[in-house]
Structures are given as structure tokens and as C-alpha cells.
Amino acid sequence: MTEPTPGRDAPAVEAARGAIDAVWRIESARVIAGLSRYVGDVGMGEDLAHDALAAALEQWPKSGVPDNPGAWLMTVGKRRAVDMLRRRSVLERKHEELGRQIELRSEELSGPELDDSDDDFGDDLLRLIFVACHPVLATDARVALTLRLLGSLTTDEIARAYLVRESTVAQRIVRAKRTLAEAKVPFEVPEGADRTARLASVLEVLYLIFNEGYSATAGDDWMRPALCEDALRLGRVLAELLPDEPEVHGLVALMEIQASRARARVGPSGAPILLLDQDRGRWDHLLIRRGMAALDRADKLGRGFGPYALQAAIAACHAAALTAAETDWVRIAALYDALAQLAPSPVVELNRAVAYSMAFGPDVGLDLVDALVGEPALNSYHLLPSVRGDLLEKLGRFDEAGWEFERAAGLTRNSREGTLLLERAAASRSRHQRSGPT
Amino acid sequence: MRFMMFMLPNISEDDWMPSVEAVEAMTKYNEELTKAGVLLALDGLHPSTEGVRVSFPGGKPTVTDGPFSEAKEVVGGYWLIEVKSKDEAVEWAKRAPCADGPVIEVRQIFEMDEFPPEVQKAGGR
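These protein sequences, in sequence, are chains A and B. Each residue of the first sequence is one higher than the one before, starting from 365 at the first, in the working numbering. Each residue of the second sequence is one higher than the one before, starting from 411 at the first, in the working numbering.
Certain hints may be false.
As the list claims (entries may be wrong) - The calculated DSSO-like cross-link candidates involving lysine-lysine, where the alpha carbons are at most 30 Å apart (straight line), are:
id : chain 1 : residue 1 : chain 2 : residue 2
1  : B       : 438       : A       : 664
2  : B       : 438       : B       : 482
3  : B       : 445       : A       : 664
4  : B       : 482       : B       : 470
5  : B       : 438       : B       : 504
6  : B       : 482       : B       : 496
7  : A       : 426       : B       : 470
8  : A       : 426       : B       : 504
Stated by the list, open to error - What the simulated footprint calls covered on chain A by chain B, stretch by stretch (three residues with Cβ under 8 Å from a Cβ of chain B suffice, anywhere in the stretch; the number is not a length):
id : segment
9  : 378–389
10 : 596–603
Everything labelled a hint here was simulated from the structure, so no lab data went into it. All of these numbers come straight from a predicted model, not from anything done at the bench. Even glycine gets a Cβ: it sits at the ideal position worked out from N, Cα and C.
Chain A on its own, in the form it takes in the complex:
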């Protein structure tokens, strides 16, 4: 561990600060989780963990980082908890119950300094994840709290990633903690049917965080890719905590394979590059291998594929094709069939139509797309006219294709994509004029 720093010169303090930041990044979630279980409240658990961090920042530059910094932080946090509960009981002598609690916890604390095994750490961490993603919280509160308690980003960094003010994020977190306390959400992992629903919420939050980072383009703030990294890291953590849940591995597989394309999906000028046009040599094959391995873990559990694993399997089909022309569209179409059964949505239906057009011809795809025209959920979804235009173009119906590309350009919020669509509209129009009315 770090040598004790003689004297208190600034560089040494600075160096210790870096080491403490690193320790905090590695240990904070487990310390917050352990203390939250200890006091039965996530908000209080986090405050205590930060008290412990403050103590570390004061002491470690002088004494050096202890051999087991996680245990050190936990012990200090527990002492603070006892102090705090004691102070409260002085104020509220009536609360005998609380007094008894303190006795109990003081005894616990005076025992071996830290007997928590790795398993306990793991259980507490899992509890923390489930509580942070509790459905009693609004979605943006779940996201903010998860990033704050389990992610490696500061509030300021979360704010920058989401392009909102730091105070907005801070407020969301404060309110979320209050909501959890008021709803008396127990610090535990739910059982039975509740567990399935709650796990779905956890996976949804992780994927939301991932997508927020993934939908960013090169010109955006550099914090946004950090959201992808954090979501992926948390997914990997969750996969070790819940190795028997196929959808956890499915989500990890999906994120690994999508992340593998990060370098290839934006051109030098910042314009997005569509999957089939990407330079596959720029894909990250390490992440693809990891994604395939995660999908394999989901498969080996033998309980079939859920929506995340199906999407991962589709992504894996693309990843396995050496060139776009070698893509196994028949298999992708079949996977979309399964996905449309399990998690039906107009967007899935549209993607299924694209897969069918690639596997069986643009006319087959167009029939499926036409069935979606007028679907309210897709009213302002630019990809519907964009896909329709693409299929019409392939079928030689250039005039109609031009109209669809124009409509799509009017709907997209991404200006680069809009320009691209207008170019395609113009190209279709000129081909229509050359070929004459059809």
C-alpha cells in the first residue's frame, strides 16, 4: 500500500488524493450498500459513507492508505452510525426501541472489526441495486440514483452527461432518497413474482443509461460515452451477482456487442454511419467475443431467450458476419418473429419488416411496413417513412420514395441525418424524372 507521506507537502497530498479517489471508486458502492443495510436506509447509508470518505481524506494523506481501505471506510462509517443513533436517542429518549437497537449494534461493532465476508458484500450490493431501481421512483430518479450510488460518476459528471444542471440532478437524488424513506422501502432483494418485475426495472435502468450514452455522437460532451462504460460495468457486476438470470447475461451481451461498434458508427465529420455501411475492421472484437460469451451463458441456463437475449442474438448475427452481404437475414427475421411475440411493439415490428425485406425481398418487407402506416405510436417516428422510402426505392417506385424521404427528414431531430435524408429524396426525385412516371 501507499507509503506514509512524511511532512505535508502539496504534491504528496495531491498524490494521496488521487489514490483516495481510486479507492473510493472501487469501494464506494459496497461501503454504501453495507452501511445502508446497517442503518436500514439508503439515504442515511450514503451520508455515512461520505462521512467515512471525509475522514479518509483527512487521515490518509498523513497515515497512508490502509491495507484494507474498504474495511477501514466501513468501520468508520459504522462508528458514525452508532454516534448518530446515540445522538438521536438523547434527543428522543422516548424511543426505547431505538435505544435497544443501538445497544445491539454497538455490540456488533465491538466484535471483530470487520467480519463481513465477500458474500455479504455481494448481497448488500444486490440489495442496493434493487432499491435504487425501485418502481416507487420515477424513471429519471431511478437513473440518477443508480448512477449516484453505484456508478463511478460524480453528480457534476452525471449532470454533464444528461445535459442538465448539477442542481437538477442533486435535487432528483435528494427527492428519490426521501421517496424511498417515506415509502419505507425495505433494504432487501425481493422474492417470487415481485423479484421478476423488480429485476426487469433494474435491467431497464441499466439499458436506459447505456442508450443515453450510445445515442450520443462524436461532437457531444465526452461524458456521454462514460454512461455506456458505466452501464456496461454495472451489467457485468450484476451478471456475477445473479449468474442464474438469463436476461442479465442477455442484457450484458447486448451492451457488449453494441459497444463494440462505437468506433465504427460515426464518420470523421461526425455523421452517423449505418450498421450495414460500417467498416467492420473497426469493430472491437474483444467486446464482440465478450458479448458472444455472455449470450452463451444465457443460452446455457436453458430457459430460453428473453427480449434482451433475443436482441443480443440479433446483434450477434451482425457481429458474426464478416461483410454486410454475409448477414444471415433469415435467422435475424426469425429472431424478430420471436421478439415480436415476447415484446410486441411497433418499433420491433418495423425492424422485423426490415429483416424480412432483406431476407425475402423488398415487396415482402413493404407489406409489413404498410400495415404499420397509421400506427399512432409511429406518427412522428422518422424511421417509418425512412424505411418505407428505402423499400419503395428498391422496388423502383422513386416518386413515392422521394416523398417518404422528405417526410422522414422533417421528422428526425438529428440534423446530419436530416441532410442525408434530403439528399436521398433529391436522388429519388431525379431518378423518377429520368425514368419517367411509373
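Could you slot chain B onto chain A? The hints should help.
What follows is chain B alone, placed relative to chain A:
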């Protein structure tokens, strides 16, 4: 950011096969890295006595059989980790179950966007 942590065991290659205890300790460490979600890949290498070096004197490839360097410079294996800072990578290296002798060299992996534009272009960008 990604870092490669090279393990330089700094031992005689006759003792290259690790003991059960050493493997147990290392497995626990590797599990910690996995549970933290930071480990991307790891491997252990055969000793340099079984390796070769290919050099290019005068532009001609020439093969030299191992062992080929001092014990303290021989790489025994590596971990590839993804972390948020160099400090975090160093903190993980500090936690490796090593006694007196071994050295862990921590090196950051280049990302394409760290290169000047003309180099990126040459790299297929």
C-alpha cells in the same frame, strides 16, 4: 480507459509453474476484478525458454530462441482492465496477491482518437 497490467514474476523459469496456493490467491484476485466489472481479459504465458524473438537485422527477419532476457524483464502474463483513471488502475495493481519479487507494470492502451488526424487516417479512419 483501458490498461494492460503486465505481470513480471521475476523468478527463475525453472520455478515457472505456480503452486496451488499461488493459483488460489490469484484466482481470488481475478474474481475480484471480474465482480467489479473491470476485467476484460487475462492470460498467463509460457516461459521465455519456450519463446522466440524475431528481429530484423539489415531488414531480414532473424529468429532467436529463448530464453532471451533477464528474469526481471520477462512477462509472465497480463490483465486487460477497463477503468476510469490511471489511479484506479494503479489501485487494482496494488491489490494483486504478490510477495517480494514480482513487479506489475501498468500501461495505458492507446485509443485511436489520441493520434493526430493523419495517423488516424492511416489507421483506416
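These are the hints, each one checked on the structure:
1. For the given pair, residue 438/B sits about 24 Å from residue 664/A by alpha-carbon distance, which is consistent with the 30 Å threshold.
2. The suggested pairing of residue 438/B with residue 482/B holds, with an alpha-carbon distance near 25 Å, which does not exceed 30 Å.
3. Of the pairs offered as hints, the one joining residue 445/B and residue 664/A holds, with about 20 Å between alpha carbons and a cut-off of 30 Å not exceeded.
4. For the proposed pair residue 482/B and residue 470/B, the alpha carbon gap of about 29 Å is at most 30 Å, so the pair holds.
5. Restraint check for residue 438/B and residue 504/B: satisfied, since their Cα atoms lie roughly 14 Å apart, inside the 30 Å limit.
6. This hinted pair checks out: residue 482/B and residue 496/B have alpha carbons roughly 23 Å apart, not beyond 30 Å.
7. At most 30 Å may separate the alpha-carbon atoms for a hinted pair to count; residue 426/A and residue 470/B exceed this at roughly 56 Å.
8. At most 30 Å may separate the alpha-carbon atoms for a hinted pair to count; residue 426/A and residue 504/B meet this at roughly 19 Å.
9. Look at the segment 378–389 of chain A against chain B: 6 of its residues bring a Cβ nearer than 8 Å to a Cβ of that chain, three or more, so the hint holds.
10. Figure legend: the segment 596–603 of chain A, annotated as covered by chain B; annotation consistent (6 residues with Cβ-Cβ distances under 8 Å, at least 3 required).
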